[in-house]
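Assembly of the complex is requested from the two constituent chains, each provided in isolation within its own frame, with the hints serving as guidance.
Just so you know, the protein sequences line up as chains A and B, in that order. Residues in the first sequence are numbered consecutively from 198, following the working numbering. Residues in the second sequence are numbered consecutively from 8, following the working numbering.
Heads up, a few of these hints could be off.
Here are the simulated EDC-like pairs of lysine to aspartate or glutamate, each with C-alpha atoms no more than 20 Å apart in a straight line [what the hints assert, rightly or not]:
1) B:88 x B:178
2) B:61 x B:111
3) B:60 x B:111
4) B:88 x A:305
5) A:367 x B:178
6) B:60 x A:362
7) B:167 x B:135
8) B:167 x A:370
9) B:122 x B:58
10) A:334 x B:79
11) B:88 x A:299
12) B:122 x B:135
13) B:167 x A:362
14) A:367 x B:177
15) A:315 x A:305
16) A:302 x B:91
17) B:137 x B:126
18) A:334 x B:91
19) A:334 x B:82
20) A:347 x A:246
21) B:167 x B:125
22) A:315 x B:82
23) B:167 x B:185
24) A:460 x A:448
25) B:98 x B:79
26) B:81 x A:341
27) B:88 x A:341
28) B:167 x A:407
Treat the hints as calculated values from the structure; they're not laboratory data. Keep in mind that this is a model prediction, so the values were computed, not measured.
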Amino acid sequence: MRVRRLVLASALFLGISTLGAQAPTSKPAAPAPAAQAAKPAIDISPPREMDSVRFGILGDTGTGDRRQYEVGAQMTKAMQIFPFEFVIMLGDNIYGSERPQDFVKKFEKPYEGILSQKIPFYASLGNHDDPTQRYYKPFNMNGERFYTFKKDDARFFALDSNYMDQQQLKWVEEQLSRSNDRWKVAFFHHPLYSSGARHGSEVDLRTRLEPLFVKYGVDIVFAGHEHFYERIVPQKGIYYFTQGGSAKLREGNIRVNSALTAKGFDTDNVFMVAELGKDSMQYQVVSRTGRRVDSGSLPLMPEPKSADDKPRSQ
Amino acid sequence: MLKLRRWQVMRTELALLCSALCIGLPGGRSLEAAPVAQQASVNPLAREMTEFKKRVDAYLQVRKAVTQKYPEVKETGNPAKIHEREVALGKGIAMARVNAKAGDIFGPLSGHLLKVVEDDWNSRPRADQKAILSEIPKGLTLKVNQPYPPSIPLATVPPKLLAQLPMLPEELEYRLVDRRLLLRDRDANVIVDVLVGTEPKRAE
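Extracted from the complex, chain B is given alone in its bound form (with noise of 0.2 Å):
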C-alpha cells in the first residue's frame, strides 16, 4: 500500500516536471527545437576569429614572397647587414601591400578587439593606468605600410592583454601607440594594420 502511494506521488512529480519543460521551452516547442537554441550558444566570435586568421595567413603569403628576394639574415656581427634587411623588407611589403589600408586585417574583429582593449584598461588599478601610459608612445599618427619610428620605443604589452588577443605567428606582434592596437611586422618593422574605432578615454 505504501509503495503503491510513492509511485503515485513520483508519477505525479514526472508529470509536473513534463508539464512545466514544456510550458518553459519558447513557444511551447518540443524538444526538437533544442539543436536550434544550442547552435546559437556557440562563440559568435569563432567565424570571426577564423575570419581573421585567415586574413592573417594571407598577409604570410604575401611576406613569405617578399621574404625570397630578402632572405632571413642569420646572426651577423654586422649590424649593417641587419638593418638593410630589415628596410628592404620593410619596403617590399609596402610594395607588395600597396593597396592596405587600416582595418585590412583586422576586419570584423575589430569591435571585439576594441571592446578587449578597453574593458583591460578599464579592470586595471589607477597605478597600473599610470605606469602603462608613462611608456607608451603618444601622439604619433601610424599608417599602415609605414615603418615604426626607428627612435620610438616599443612599449610593452601587458600579458594580460596579450593572453586576451588572438594568438599571433611569430613574424606578427601587437603593439600599442596611444592605447590603439596596431599589428607589427617583427623583423620588417613595417605597421601591417591599425585598429579604427573610437578613440580609447585616456586617463587623467
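Looking at chain A on its own, in the form it has when it is part of the complex (with noise of 0.2 Å):
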C-alpha cells in the first residue's frame, strides 16, 4: 500500500496526473498534457457510474476572447478528472466574421487541449453561425443541419431552432418515433423555457417542439442563446438546462423569483459535464475559476411524459 501510495505520489511530482484513474470507467481516461497538472485542482468530481455516456457542453462560445479560453482551460482540466468522451455545442459557435483564421482563434485554439486528445465536438447552429459551418469537419454535423448521433444507449437529436421547418419538423418526428433509446437528448441553440430578461422562453419554438419531445419520451433538453445558466423546474416530464454562458455573459440578467428556476449563475462563465447512466443523470457545472456551481443527479424518467404536468410559467 505504502509503495503504491509512494508511486502515486511520484507520478504527480512528475506532472503526470493520475486524477483520470479515479473514475470508475472501463473507458480510457485521457491523459493529461503535462502542463494543465501543475495547475490548482478543479472542483469536480469523477463519473459515478461504469461505462456510463459522459459528455461537455459548451454553449455561445466562439468569441475567441479571453473568457472563452479560459473556460476551455477548464474544461481540459476536468477531462483529468472527468474524462468526458464527446463534447456538445449548443450554437453561436463562431461570432462574427468567419474567415478561416475565426475558426482557428474561436474554436480549435481555446479547446486545442480538448480536440488534442481526439475528443470529438458536435454543434447546432446559432443565430450568429452561417449554416456552412455544417461542412466544417471538427462540427461533426455531417453537411447537416439538424442531424442524430448514437452513443451506447443514449440518442442525441442536434436541431437547427433558428430555422425550424416544415422539413425539419417532420425530420424530428420521423427520427424520435424510430428511437427505442434509453435516454433522448435534444441540444439545440434557442431555450424552451427561461427565466432570461433579454430574450425568455421561446414559446413560439416550444409550441412546435414540445408535444413531440413530449409524446415520443425526450428526457433532456439543452439550449444556449442566453449568457449565464439555469437549470430549469422539469416541464412535463423533461429536464430543461440552458447554458449558453461559456465565452459570453450577461451578468445578473436572470429574473429574480422567476417559477421556472431551479438553480440559476449569471456571475461567471461556465462550462457542464454530464453522465447518462443506467437509471439517472449526472451533472456537474464549473465555473471559469474551476468554482463548481451546481451539480446533481436527475433520474430517468419513466415513460410516457405526464401531460398533465403543465409548465410553472412562461
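What follows is the structure, encoded as C-alpha cells:
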C-alpha cells in the first residue's frame, strides 16, 4: 500500500496526472498534457458509473476572447478527472466574421487541449452561425443543419432552432419515433424555457417542439442563447438546461424569483459535464475559475411523459 | 287518414324548401350554375403559389448550372475551402442573374406575403415582439445579388411565421432584416430576393 502511494505521489510530482484513474470506468481516460498537471485543482468529481455516457456541454462559445480561453482551459483540466468522450455545442459557435482564421481563434485554439485528445465535438447552429458551418469537419454535423447520433444507449438530436421549418419538424418526428434508446437528448440554440430578462422562453418554438418531445419521450434538452446557466424546474417530465455562458456573459440577467428556475448562475462563465447512467443522469457545472456552481443527480423519467404536468410559467 | 295528412304536410314542406332554394340562388338561376360558384371558392392564391414555385424552380436551374463549376464542399477541416466555395458560388449566381431585381421571385405573391408577415407580427404579444426585434438586424439596405453581411447575425425566423410561408427547397431560406422578408441562398450567402412593399410598422 505504501509503495503504491509512493508511486502515485511520484507520478503526480513528475507532472503525470492520475486523477482520471479515480473514475470507476472501463473506458480509457484521456492523458493529461504535462502543462495542465501543475495547475490548481478544479472542483469536479469523477463519473459515478461504469460505462456511462459522458460528455461536455458548451454554449455560445465563439468569441475568441479571454473568457472563452479560460473556460476551455478549465474544461481541459476537468477532462483529467471526468474523462468525457465528446462535447456538444449549443450554437453561436463562431461570432462575427467567419473567415478561416476565425475558426482557429474562436474554436481550435480555445479547445486545443480537448481536440488534441481526439475528443469529438458535435455542434448545433445558433443565430450567429453561418449554416455552412455544417461542412466544417470538427463540428461533426455531416453536412446537415440537423442530425442525430448515438452513443451507447443514448441518442442525441442536434436541431437547427433558427429555422424550424416543416421539413425539419417532420424529420424530428420521424427520428424520435424510431428511437428506442434509453436516453433521448435534444440540443439546440434557443431555450424553450428560460428566465432570461433579455430573451426569455421561446414560446413559438416550444409550441412546435414540446408536443413531439413529450410524445416521444425526450429526457433532456440543452439550449444556449441566454448568456448564463439555468437549470429549469422539470417541465412535462423533461429536464431543461440553458447553458449559453461558455464565453459571453449576461451578468444578472436571470429574473429573480422566476418560477422556472431550479438553479441559476449568471455571474461568471461556465462549462458543464454530464453522465448518462443506467437509471440517472449526473451533471456538474463549473465556472471559469474552477468552482462548481451546480451539480446533482436526476432520475430517468418513466415514459410516457405526463401531459398533465403543466409548465409553471412563461 | 293520419298517414295521408302527414304526407300532405311533407309535400308542402318540400315545396317550400324548393322555393326558398330557388329564391336564394343569385338571379334566380337554376342549379346548373352551381359549378361556377364552386370554382370561385377555390383558393385564389393557388395559382400565385404555383407560379412562385415555378420561379423558385427556375432559380434552382440557374443555380445548378453554376454549381457545376463550384461543386458542393464535402466535410472538411479546412474552413478556407468552405469560405472560398461560398464566395465563388455567390459571385457565380450573381453573375448568372445579373439582371435580377427585387420582387422577381416573390412576384405577384408579394402582397400575400406582406400580409402574412404583418398578421403574424400583430398576432404576437408585446413581449414576443420585443424579443424578436432585439435579434433582428436593423437599418440594413440589402439588395438582390449582394452577399448577406457575413458578420451580421442570421436572425431566427419564428416557426409560426415559417409555417405560413410557402415551403422552400433546402438551398433557399427566408430571413428577416428589419422585419423585411428576404430570400437567401443558404450555401452561397447571396440575397436572392427582397420583398418589396410597405415598410412594416415598427413597435415602440
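Results for each hint:
1. Distance restraint check for residue 88 of chain B and residue 178 of chain B: the Cα-Cα separation of roughly 19 Å lies within the 20 Å cut-off, and the hinted pair is therefore satisfied.
2. Between residue 61 of chain B and residue 111 of chain B the CA atoms are separated by roughly 12 Å; this keeps the pair inside 20 Å, and the hint holds.
3. For the hint linking residue 60 of chain B to residue 111 of chain B, the alpha-carbon distance of about 12 Å falls within 20 Å, and the restraint holds.
4. Pair hint residue 88 of chain B plus residue 305 of chain A holds up; C-alpha atoms about 16 Å apart against a cutoff of 20 Å.
5. For a cut-off of 20 Å, the pair hint linking residue 367 of chain A to residue 178 of chain B stands: about 18 Å separates their Cα positions.
6. Between residue 60 of chain B and residue 362 of chain A the CA atoms are separated by roughly 17 Å; this keeps the pair inside 20 Å, and the hint holds.
7. Between the alpha carbons of residue 167 of chain B and residue 135 of chain B the distance comes to roughly 12 Å, so the proposed pair stays at or under 20 Å and holds.
8. Distance restraint check for residue 167 of chain B and residue 370 of chain A: the Cα-Cα separation of roughly 17 Å lies within the 20 Å cut-off, and the hinted pair is therefore satisfied.
9. Only pairs whose Cα atoms come within 20 Å are accepted, and residue 122 of chain B paired with residue 58 of chain B is accepted, the gap being roughly 18 Å.
10. For the hint linking residue 334 of chain A to residue 79 of chain B, the alpha-carbon distance of about 14 Å falls within 20 Å, and the restraint holds.
11. Between residue 88 of chain B and residue 299 of chain A the alpha-carbon distance is near 14 Å, which keeps this suggested pair within the 20 Å criterion.
12. Taking the CA atoms of residue 122 of chain B and residue 135 of chain B, the gap is about 19 Å. The hint holds against a cut of 20 Å.
13. A distance of roughly 9 Å separates the Cα atoms of residue 167 of chain B and residue 362 of chain A; the hinted pair therefore holds under the 20 Å criterion.
14. A C-alpha spacing of about 14 Å is found between residue 367 of chain A and residue 177 of chain B, which places the hinted pair at or below 20 Å, so the restraint holds.
15. Between residue 315 of chain A and residue 305 of chain A the CA atoms are separated by roughly 12 Å; this keeps the pair inside 20 Å, and the hint holds.
16. Distance check on the hinted pair: residue 302 of chain A and residue 91 of chain B sit about 19 Å apart at the alpha-carbon level, within 20 Å; holds.
17. Between residue 137 of chain B and residue 126 of chain B, the direct Cα distance comes to roughly 16 Å. Compliance with the 20 Å bound is thereby established for this hinted pair.
18. Taking the CA atoms of residue 334 of chain A and residue 91 of chain B, the gap is about 16 Å. The hint holds against a cut of 20 Å.
19. For the hint linking residue 334 of chain A to residue 82 of chain B, the alpha-carbon distance of about 5 Å falls within 20 Å, and the restraint holds.
20. Between residue 347 of chain A and residue 246 of chain A the CA atoms are separated by roughly 19 Å; this keeps the pair inside 20 Å, and the hint holds.
21. Only pairs whose Cα atoms come within 20 Å are accepted, and residue 167 of chain B paired with residue 125 of chain B is accepted, the gap being roughly 13 Å.
22. A distance of roughly 17 Å separates the Cα atoms of residue 315 of chain A and residue 82 of chain B; the hinted pair therefore holds under the 20 Å criterion.
23. Under the criterion of a C-alpha separation no larger than 20 Å, the hint pairing residue 167 of chain B with residue 185 of chain B is consistent with the structure, at around 18 Å.
24. Taking the CA atoms of residue 460 of chain A and residue 448 of chain A, the gap is near 15 Å; set against the 20 Å cutoff, the hint holds.
25. Of the supplied pair hints, the one linking residue 98 of chain B and residue 79 of chain B holds, its CA atoms being roughly 15 Å apart against a limit of 20 Å.
26. Between residue 81 of chain B and residue 341 of chain A the CA atoms are separated by roughly 11 Å; this keeps the pair inside 20 Å, and the hint holds.
27. Simply put, residue 88 of chain B and residue 341 of chain A have alpha-carbon atoms about 17 Å apart, close enough for the 20 Å limit, and the pair holds.
28. For the proposed pair residue 167 of chain B and residue 407 of chain A, the alpha carbon gap of about 14 Å is at most 20 Å, so the pair holds.
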